[in-house]
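A.B. asks: Sequence:
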Amino acid sequence: PDGLELKEAIPDALKTDCSKCSDKQKAGVEKVLKFLLTKKPEDYKILESQFDSEGVYKKKYEALRKQ
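Just add 983 to wherever you are in the sequence shown, counting from 1, and you've got our numbering.
Note that these hints are calculated values from the structure, not bench results. Careful, some of the hints might be misleading.
With beta-carbon atoms standing in for the labels, derived distance ranges [said to hold, decoys possible]:
1) I993 to E1025: 17 to 25 Å
2) K1007 to E1037: 25 to 33 Å
3) D1006 to S1032: 15 to 23 Å
4) K1049 to E988: 17 to 25 Å
5) K1049 to E991: 23 to 31 Å
6) A1010 to G986: 13 to 21 Å
7) E1025 to S1005: 23 to 31 Å
8) S1036 to T999: 12 to 20 Å
9) Q1008 to Q1033: 30 to 38 Å
10) L987 to K1049: 29 to 37 Å
11) K1017 to A992: 13 to 21 Å
12) K1023 to D985: 17 to 25 Å
13) K1023 to K1043: 13 to 21 Å
14) D995 to S1032: 12 to 20 Å
Result set (DMTMM-like, lysine to aspartate or glutamate): computed pairs, CA atoms no more than 25 Å apart in a straight line [what the hints assert, rightly or not]:
15) K1022 to D985
16) K1003 to E1031
17) K1014 to E1025
18) K1003 to D1035
19) K1007 to E1037
Ideal Cβ positions, reconstructed from N, Cα and C, are used throughout, including at glycine.
Please put together the full structure from these sequences, using the hints given.
C.D. replies: Printed below as a string of structure tokens:
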């Protein structure tokens, strides 16, 4: 259920900068994105193609790679 819940929440979270997320959820999202960007870039590209094919959110989350 958690994976399905996450998959359903991703589009809205991206559009609203996770405005409906709790602080704990925001921290979790940041941790996962940072991990994917630094350790699993090929998996990040898959997510990017599904949820950000136009590159709208890419710049915002690329900053996590440098942290």
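A.B. asks: Each hint should be assessed against the structure and marked as holding or not.
C.D. replies: Do the hints match the structure? See the list:
{"no.": "1", "hint": "I993 to E1025: 17 to 25 Å", "result": "holds, 18 Å"}
{"no.": "2", "hint": "K1007 to E1037: 25 to 33 Å", "result": "holds, 29 Å"}
{"no.": "3", "hint": "D1006 to S1032: 15 to 23 Å", "result": "violated, 29 Å"}
{"no.": "4", "hint": "K1049 to E988: 17 to 25 Å", "result": "violated, 29 Å"}
{"no.": "5", "hint": "K1049 to E991: 23 to 31 Å", "result": "holds, 29 Å"}
{"no.": "6", "hint": "A1010 to G986: 13 to 21 Å", "result": "holds, 18 Å"}
{"no.": "7", "hint": "E1025 to S1005: 23 to 31 Å", "result": "holds, 30 Å"}
{"no.": "8", "hint": "S1036 to T999: 12 to 20 Å", "result": "holds, 19 Å"}
{"no.": "9", "hint": "Q1008 to Q1033: 30 to 38 Å", "result": "violated, 20 Å"}
{"no.": "10", "hint": "L987 to K1049: 29 to 37 Å", "result": "holds, 31 Å"}
{"no.": "11", "hint": "K1017 to A992: 13 to 21 Å", "result": "holds, 18 Å"}
{"no.": "12", "hint": "K1023 to D985: 17 to 25 Å", "result": "holds, 18 Å"}
{"no.": "13", "hint": "K1023 to K1043: 13 to 21 Å", "result": "holds, 19 Å"}
{"no.": "14", "hint": "D995 to S1032: 12 to 20 Å", "result": "holds, 19 Å"}
{"no.": "15", "hint": "K1022 to D985", "result": "holds, 22 Å"}
{"no.": "16", "hint": "K1003 to E1031", "result": "holds, 21 Å"}
{"no.": "17", "hint": "K1014 to E1025", "result": "holds, 17 Å"}
{"no.": "18", "hint": "K1003 to D1035", "result": "holds, 19 Å"}
{"no.": "19", "hint": "K1007 to E1037", "result": "violated, 28 Å"}
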